[in-house]
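For chain E, the structure is supplied; the task is to place chains F and X with the ligands on it using the hints.
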Amino acid sequence: MPISRDDVRRIAELARLEIPEGQLERMREELSEVIDFVAALNRLDLTECEPTSFAPADAPLREDVVNGRRLGAEVALAAAPDREDGFFRVPPIVENLNP
Amino acid sequence: MAYEAVIGLECHIQLSTRSKMFCDCPAAFGNQPNANVCPVCLGLPGALPRANHAAVDAALRLGLALGCGVCNESVFARKNYFYPDMPKNYQITQYDRPLCEGGALPVRMEGAERRFDLTRIHLEEDTGKSFHPERHGDRPVSRVDFNRAGVPLLELVTEPVFHEPAECAAFLTELRRLVRWLQISEGDMEKGHLRCDANVSIRPAGSGGLGTKTELKNLNSIRGVERGLAAEIARQRGVLALGGTVEQSTLLYDADHDKLAVMRSKEHAHDYRYFPEPDLPTLRVSAAWIEDARARLPELPWKRAARLEAQYGIPAYDAAVIGDQRELADYFEACAALADGKLASNWVMTEVMRVLKDRGWSVTRWSERVSAARMGAFLERVAARELPGPLAKQMFAWMTDEDGDVPALLERHGVRVQSAASELLPLVRAVIAEHPGPAAQYRAGKAATLGFLVGQVMKKSGGQAVPQAVQELLRAELAGGADGE
Amino acid sequence: MSDRMLWKLPAETLAARVRSGAVAIEEAVEAGFDGPAREWEPRVHAVVHTEAAARRSAAAAASDGPLRGVPVLLKDNLCTTDYLTTCGSKILAGYRAPYDATVVTRLRTAGAVVIGKGNMDEFAMGSSTEFSAYGPTRNPYDLARVPGGSSGGPAAAVAYGLCPIALGSDTGGSVRQPAAFCGVFGLKPTYGRFSRYGLVAFGSSLDQVGIFARHAGDVALVYGLLAGEDPFDATTRRSAAPDVSGWESGVRGLRFGWPANLWAEGVDPAVVEGLERAAAWLERAGASRVPFEFLPGEYSVATYYLVATAEASSNLARFDGVRYGFRHPESADLRSLYTRTRSDGFGPEVQRRILLGTYALSAGYYDAYYLTAQRARARIRREYETAFTRCDFMLLPAAPTLAFRIGEKTSDPLAMYLSDIFTLGANLAGIPGLTVPVGLAPEDAAGGARLPCAVQLLGPEDAEPILLRAGRAIEMEGDATRLSRDHSREFAWPTKR
Ligand SMILES: [Mg+2]
Ligand SMILES: [Zn+2]
Numbered sequence: 001m002p003i004s005r006d007d008v009r010r011i012a013e014l015a016r017l018e019i020p021e022g023q024l025e026r027m028r029e030e031l032s033e034v035i036d037f038v039a040a041l042n043r044l045d046l047t048e049c050e051p052t053s054f055a056p057a058d059a060p061l062r063e064d065v066v067n068g069r070r071l072g073a074e075v076a077l078a079a080a081p082d083r084e085d086g087f088f089r090v091p092p093i094v095e096n097l098n099p
Numbered sequence: 001m002a003y004e005a006v007i008g009l010e011c012h013i014q015l016s017t018r019s020k021m022f023c024d025c026p027a028a029f030g031n032q033p034n035a036n037v038c039p040v041c042l043g044l045p046g047a048l049p050r051a052n053h054a055a056v057d058a059a060l061r062l063g064l065a066l067g068c069g070v071c072n073e074s075v076f077a078r079k080n081y082f083y084p085d086m087p088k089n090y091q092i093t094q095y096d097r098p099l100c101e102g103g104a105l106p107v108r109m110e111g112a113e114r115r116f117d118l119t120r121i122h123l124e125e126d127t128g129k130s131f132h133p134e135r136h137g138d139r140p141v142s143r144v145d146f147n148r149a150g151v152p153l154l155e156l157v158t159e160p161v162f163h164e165p166a167e168c169a170a171f172l173t174e175l176r177r178l179v180r181w182l183q184i185s186e187g188d189m190e191k192g193h194l195r196c197d198a199n200v201s202i203r204p205a206g207s208g209g210l211g212t213k214t215e216l217k218n219l220n221s222i223r224g225v226e227r228g229l230a231a232e233i234a235r236q237r238g239v240l241a242l243g244g245t246v247e248q249s250t251l252l253y254d255a256d257h258d259k260l261a262v263m264r265s266k267e268h269a270h271d272y273r274y275f276p277e278p279d280l281p282t283l284r285v286s287a288a289w290i291e292d293a294r295a296r297l298p299e300l301p302w303k304r305a306a307r308l309e310a311q312y313g314i315p316a317y318d319a320a321v322i323g324d325q326r327e328l329a330d331y332f333e334a335c336a337a338l339a340d341g342k343l344a345s346n347w348v349m350t351e352v353m354r355v356l357k358d359r360g361w362s363v364t365r366w367s368e369r370v371s372a373a374r375m376g377a378f379l380e381r382v383a384a385r386e387l388p389g390p391l392a393k394q395m396f397a398w399m400t401d402e403d404g405d406v407p408a409l410l411e412r413h414g415v416r417v418q419s420a421a422s423e424l425l426p427l428v429r430a431v432i433a434e435h436p437g438p439a440a441q442y443r444a445g446k447a448a449t450l451g452f453l454v455g456q457v458m459k460k461s462g463g464q465a466v467p468q469a470v471q472e473l474l475r476a477e478l479a480g481g482a483d484g485e
Numbered sequence: 001m002s003d004r005m006l007w008k009l010p011a012e013t014l015a016a017r018v019r020s021g022a023v024a025i026e027e028a029v030e031a032g033f034d035g036p037a038r039e040w041e042p043r044v045h046a047v048v049h050t051e052a053a054a055r056r057s058a059a060a061a062a063s064d065g066p067l068r069g070v071p072v073l074l075k076d077n078l079c080t081t082d083y084l085t086t087c088g089s090k091i092l093a094g095y096r097a098p099y100d101a102t103v104v105t106r107l108r109t110a111g112a113v114v115i116g117k118g119n120m121d122e123f124a125m126g127s128s129t130e131f132s133a134y135g136p137t138r139n140p141y142d143l144a145r146v147p148g149g150s151s152g153g154p155a156a157a158v159a160y161g162l163c164p165i166a167l168g169s170d171t172g173g174s175v176r177q178p179a180a181f182c183g184v185f186g187l188k189p190t191y192g193r194f195s196r197y198g199l200v201a202f203g204s205s206l207d208q209v210g211i212f213a214r215h216a217g218d219v220a221l222v223y224g225l226l227a228g229e230d231p232f233d234a235t236t237r238r239s240a241a242p243d244v245s246g247w248e249s250g251v252r253g254l255r256f257g258w259p260a261n262l263w264a265e266g267v268d269p270a271v272v273e274g275l276e277r278a279a280a281w282l283e284r285a286g287a288s289r290v291p292f293e294f295l296p297g298e299y300s301v302a303t304y305y306l307v308a309t310a311e312a313s314s315n316l317a318r319f320d321g322v323r324y325g326f327r328h329p330e331s332a333d334l335r336s337l338y339t340r341t342r343s344d345g346f347g348p349e350v351q352r353r354i355l356l357g358t359y360a361l362s363a364g365y366y367d368a369y370y371l372t373a374q375r376a377r378a379r380i381r382r383e384y385e386t387a388f389t390r391c392d393f394m395l396l397p398a399a400p401t402l403a404f405r406i407g408e409k410t411s412d413p414l415a416m417y418l419s420d421i422f423t424l425g426a427n428l429a430g431i432p433g434l435t436v437p438v439g440l441a442p443e444d445a446a447g448g449a450r451l452p453c454a455v456q457l458l459g460p461e462d463a464e465p466i467l468l469r470a471g472r473a474i475e476m477e478g479d480a481t482r483l484s485r486d487h488s489r490e491f492a493w494p495t496k497r
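Protein chains in written order, with our numbering: chain E, 1 to 99; chain F, 1 to 485; chain X, 1 to 497.
If you are wondering where the hints come from, they were derived from the structure by calculation, not from laboratory data.
For each residue, glycine too, the CB sits at the ideal point set by N, CA and C.
Treat each hint with caution, since some may be false.
[Claimed, not checked] In the DMTMM-like style, the derived pairs of lysine to aspartate or glutamate whose C-alpha atoms are separated by at most 25 angstroms in a straight line are: (1) F:K191 with F:D96; (2) F:K79 with E:D6; (3) F:K79 with E:E18; (4) F:K459 with F:E477; (5) F:K129 with E:D82; (6) X:K90 with E:E21; (7) F:K446 with F:E434; (8) F:K129 with E:E84; (9) F:K129 with E:D64; (10) F:K79 with X:D367; (11) F:K303 with F:D324; (12) F:K79 with F:E10; (13) F:K393 with F:E423; (14) F:K79 with E:E50; (15) F:K129 with X:E408; (16) F:K191 with E:E48; (17) X:K90 with E:E63; (18) F:K213 with F:E167; (19) F:K79 with X:D333; (20) F:K191 with F:E10; (21) X:K90 with E:E13; (22) F:K357 with F:D330; (23) F:K129 with F:E155; (24) X:K90 with E:E74; (25) F:K129 with E:D85; (26) F:K79 with F:E101; (27) F:K79 with E:E13; (28) F:K191 with E:D64; (29) F:K342 with F:E386; (30) X:K90 with E:E18; (31) F:K79 with E:D7; (32) F:K191 with F:E215.
[Unchecked claim] Label-pair ranges, simulated between beta-carbon atoms: (33) X:A363 with F:P140: 30 to 36 angstroms; (34) E:E48 with X:G94: 46 to 52 angstroms; (35) F:R18 with X:R43: 53 to 59 angstroms; (36) F:P140 with X:L143: 48 to 54 angstroms; (37) E:N42 with X:E265: 18 to 24 angstroms.
Pulled out of the complex, with its shape left as it was, chain E reads as follows (with noise of 0.2 angstroms):
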């Protein structure tokens, strides 16, 4: 599948990445290369290769007890670029729909 400067567009789109039209070329370029080599999967025998996670899975729950590492307000937003009152500031939300 070759990458297209519409398929870059889009996932910078998604990515919250801008890329200068004038660089448009030189990324797809880059992407397509890379994905033709991936490409190289497809010569590999996958049969019963079932995706599994591969996280060590013994791990306990963590049980429902309140202790620990909160910050406290000030230290939370100590490194904020912009925040007041004990709020983080961000320019206006007009689009109010969290999916």
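Quick look at chains F and X with the ligands alone, frame taken from chain E:
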């Protein structure tokens, strides 16, 4: 042409656990903004999630209560999208392998039981809260508070099984009762403990297919759900009536103005790029855990109402009212264990409910004031006719505000009650002796005269005799001992 | 100032002297800075964040333990409350973490003193430490060459003598490959043995913290201190970590796999010569060689670049200019807040990988790419399992070449990716890998400086004890004075204690 609506609901239930879904910050929020956050729920670089056992257990209990199939191995997944109140810009949720699948919620509507099928129930984390644009000097800004970020949520999705807004309202009312009954959530829609989105489409009545559906959000009260759906169904009918076609879109319902606003149309549809959360192992729920959770389930509300009706012979209506609240039903049954069930339900339905209503008390608050044991003892005396009607009401009022059992309260308020035959018989005989005429008339079959004689005995007793008791004694006396001479 | 060459001492010895009072703790901590760093740090540029004052107070506060007074440099993607944590990226400019990574807490508990943060490819995406917002790190053996990457700073620092131990992170070879280029030991443990809490994530299912040291013994010492369950990382293993105290017990009777087909072509002869040398030493020490064919590395590279970038595209979404780090000044609306901050804050390689990963997960491509890669991963894992039924560990190159020239591969992403061809497999399979230096390669035709040469040992899950025994055997069998004789630079040290 006649159209029918097809509606599916997507409900989010905020769990009342102590700590958050993936970190040990308090799940209680609302105090100082951004006070209850840690590296995990603030999405700091390097932080990792750890799933909360109690949240999984709550999901499990709800699933079992609704007859869902529980997956022994379910998977957390990342739902990727950018939003300022989402610390990591992905939400940890469950996608292709949820914890619970299938199941149904039974709902009583117009006396008949309806079962609404569910698709799934899965676990996820809540987002923070953003507060919407406010002018700030020259520029508008929004503010974000992450206290709520990471609070455990259950997402419950129904099949498209509703056709009327009223069905959806009934479903949500029953769901709210159930989560409170199971004590897994406060279930308050206004407070956001219970949230609801709806997928709505309409189709020619009776036809099999599905029309283009729209997503309706911001339905934050049961009434809002009903009215919002009605508005959207009307809107879609209107579009079709004008020969138009319904556009796939997301709408917000503004309850204050009963208006719909289109927020997002198809071209802005998201691509969430779900994939298994690599920071969390497969969620394993053993058969033993499932059985244990099942064993911990209380008798479910719809079953309990039916049992109350049958076991105590009380009217279906009373059973429904009492069975609506788990604490109330428990209280009633504790009373009914000591006194007659019908009598108990009468007093609970009328006097107790009135106090709860007038004083805005919870059942718990009430039972702290008047324990079921105390109430039961009182009802026993009422049943034994030891407290005349008006006095019983007075006694109930005293119990509501004062401590002490019935005798103590009578004592305190200087009330003597005569019901024992030993006390009353002399008075009864005296009255018969003093009023031979009426006595004779009664014997001759003029039953009405009994009332007169009862009145005389009451007078003699100074109002402290229990009328029912007096009546019985008079009857016995007049029936038996005919004049010797 | 120290004329006692404290900086040349193994961590264990240094700590012992500090604990006995023979050496003042400040002196131990500053040994590298007062010694080799004066000459080498300005040219090599291994360190990106350090403060003399912070080092002093850390030394003063150091607890008493097996690493008391031992200076340790951390890769810039390990969170600490002292020093910045910036992942070599502009997007984290000025970021100071409010907590210590679990591995850091364990180091401090053992008495180690964190001396700062080492340079790295931005967000660990690279194999040469050229993609850092702070500029490249250079290879101390040849300043015209790269130290490898992405943990190039910590590797170079240990190589020139700033500290006996450093921590890096290894997602696809980022500890083992730079260790090879810089001639030091580099261990990537079994997945789940070291906590990732506080390690800024790149590819969560592949990331492991790794150890750099000059001596097999120091690797064993640090492994013993860091390995173990962490309640803050649900992917750590609950079972007790294997005991590596037998690291000096030799390799007699062990079988090492020899998958010669992997280096039949496209591998630098000097690298192959190093393998032959190491194999001969292992045999001399009583191990036996088991030749077999192994799955070509190209499959691992393909699988890796889908899995790692997919996870990275999601892991790096949190860098948006809202809660911490860099925010683009002109971001009047949300969209530009995100796109400008990220496009300006991330370097080109990071953006390239985010795009690749986003593509691999996006609607319509998920099955063809991400899912296929996950299945390929299962297959690769099985290949290793099969191989380890025939041998106790495998001997193979850590990289196809010795340290390459700065700028040589920066313009060709794929060529750069291929330089990890021998290391990626261990991350995909979750198994441990150890890079072991085998001395200096002969001068090349161009007559450049002599470069470190190393081999890689791979074992099944929890085979760290075996890898360390084999690493130690090579360390012993190899001519003990090789480095110091072949190589007159001040930062050369004896391999034997
Ligand atoms: Mg959801
Ligand atoms: Zn938290």
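Hints and how they fare:
For the suggested pair K191 of chain F and D96 of chain F, the alpha carbons sit about 30 angstroms apart, so the restraint of at most 25 angstroms is broken. For the given pair, K79 of chain F sits about 23 angstroms from D6 of chain E by alpha-carbon distance, which is consistent with the 25 angstroms threshold. For a cut-off of 25 angstroms, the pair hint linking K79 of chain F to E18 of chain E stands: about 22 angstroms separates their Cα positions. For the given pair, K459 of chain F sits about 18 angstroms from E477 of chain F by alpha-carbon distance, which is consistent with the 25 angstroms threshold.
Restraint check for K129 of chain F and D82 of chain E: satisfied, since their Cα atoms lie roughly 17 angstroms apart, inside the 25 angstroms limit. This hinted pair checks out: K90 of chain X and E21 of chain E have alpha carbons roughly 23 angstroms apart, not beyond 25 angstroms. Restraint check: the Cα-Cα separation between K446 of chain F and E434 of chain F comes to about 18 angstroms, which is no more than 25 angstroms; the hinted pair holds. The straight-line distance between the Cα atoms of K129 of chain F and E84 of chain E is roughly 15 angstroms, inside the 25 angstroms bound, and the hint therefore holds.
Among the hinted pairs, K129 of chain F with D64 of chain E is consistent with the structure: their alpha-carbon atoms are about 23 angstroms apart, no more than 25 angstroms. A distance of roughly 17 angstroms separates the Cα atoms of K79 of chain F and D367 of chain X; the hinted pair therefore holds under the 25 angstroms criterion. Restraint check for K303 of chain F and D324 of chain F: satisfied, since their Cα atoms lie roughly 11 angstroms apart, inside the 25 angstroms limit. For the proposed pair K79 of chain F and E10 of chain F, the alpha carbon gap of about 16 angstroms is at most 25 angstroms, so the pair holds.
As the CA atoms of K393 of chain F and E423 of chain F are separated by approximately 24 angstroms, the hinted pair is consistent with the 25 angstroms bound. A threshold of 25 angstroms between alpha carbons decides the hint, and for K79 of chain F with E50 of chain E the separation of about 22 angstroms falls inside it, so the pair holds. For the suggested pair K129 of chain F and E408 of chain X, the alpha carbons sit about 49 angstroms apart, so the restraint of at most 25 angstroms is broken. For the suggested pair K191 of chain F and E48 of chain E, the alpha carbons sit about 49 angstroms apart, so the restraint of at most 25 angstroms is broken.
Of the supplied pair hints, the one linking K90 of chain X and E63 of chain E is violated, its CA atoms being roughly 38 angstroms apart against a limit of 25 angstroms. Distance check on the hinted pair: K213 of chain F and E167 of chain F sit about 18 angstroms apart at the alpha-carbon level, within 25 angstroms; holds. Of the pairs offered as hints, the one joining K79 of chain F and D333 of chain X holds, with about 23 angstroms between alpha carbons and a cut-off of 25 angstroms not exceeded. A distance of roughly 17 angstroms separates the Cα atoms of K191 of chain F and E10 of chain F; the hinted pair therefore holds under the 25 angstroms criterion.
At most 25 angstroms may separate the alpha-carbon atoms for a hinted pair to count; K90 of chain X and E13 of chain E meet this at roughly 21 angstroms. For a cut-off of 25 angstroms, the pair hint linking K357 of chain F to D330 of chain F stands: about 18 angstroms separates their Cα positions. For the suggested pair K129 of chain F and E155 of chain F, the alpha carbons sit about 18 angstroms apart, so the restraint of at most 25 angstroms is met. Restraint check for K90 of chain X and E74 of chain E: the C-alpha separation of about 24 angstroms stays at or below 25 angstroms, so the hint holds.
As the CA atoms of K129 of chain F and D85 of chain E are separated by approximately 15 angstroms, the hinted pair is consistent with the 25 angstroms bound. This hinted pair checks out: K79 of chain F and E101 of chain F have alpha carbons roughly 19 angstroms apart, not beyond 25 angstroms. About 16 angstroms separates the Cα atoms of K79 of chain F and E13 of chain E, which keeps this hinted pair within 25 angstroms; it holds. Distance restraint check for K191 of chain F and D64 of chain E: the Cα-Cα separation of roughly 23 angstroms lies within the 25 angstroms cut-off, and the hinted pair is therefore satisfied.
For the suggested pair K342 of chain F and E386 of chain F, the alpha carbons sit about 18 angstroms apart, so the restraint of at most 25 angstroms is met. With a CA separation close to 17 angstroms, the supplied pair K90 of chain X and E18 of chain E stays within the 25 angstroms bound. A hinted pair counts as satisfied when its Cα atoms are at most 25 angstroms apart, and K79 of chain F with D7 of chain E qualifies at roughly 21 angstroms. Taking the CA atoms of K191 of chain F and E215 of chain F, the gap is about 22 angstroms. The hint holds against a cut of 25 angstroms.
Checked against the hint of 30 to 36 angstroms, the pair A363 of chain X and P140 of chain F passes, with Cβ atoms roughly 33 angstroms apart. With their beta carbons about 50 angstroms apart, E48 of chain E and G94 of chain X fall inside the hinted range of 46 to 52 angstroms. Checking the proposed 53 to 59 angstroms range against R18 of chain F and R43 of chain X shows it holds: the Cβ atoms sit about 56 angstroms from each other. Between P140 of chain F and L143 of chain X, the C-beta spacing of about 53 angstroms keeps the proposed range 48 to 54 angstroms intact.
The hinted window of 18 to 24 angstroms between N42 of chain E and E265 of chain X holds, with their beta carbons roughly 23 angstroms apart.
Checked against the numbered hints above, the structure breaks hints 1, 15, 16, 17 and satisfies the rest.
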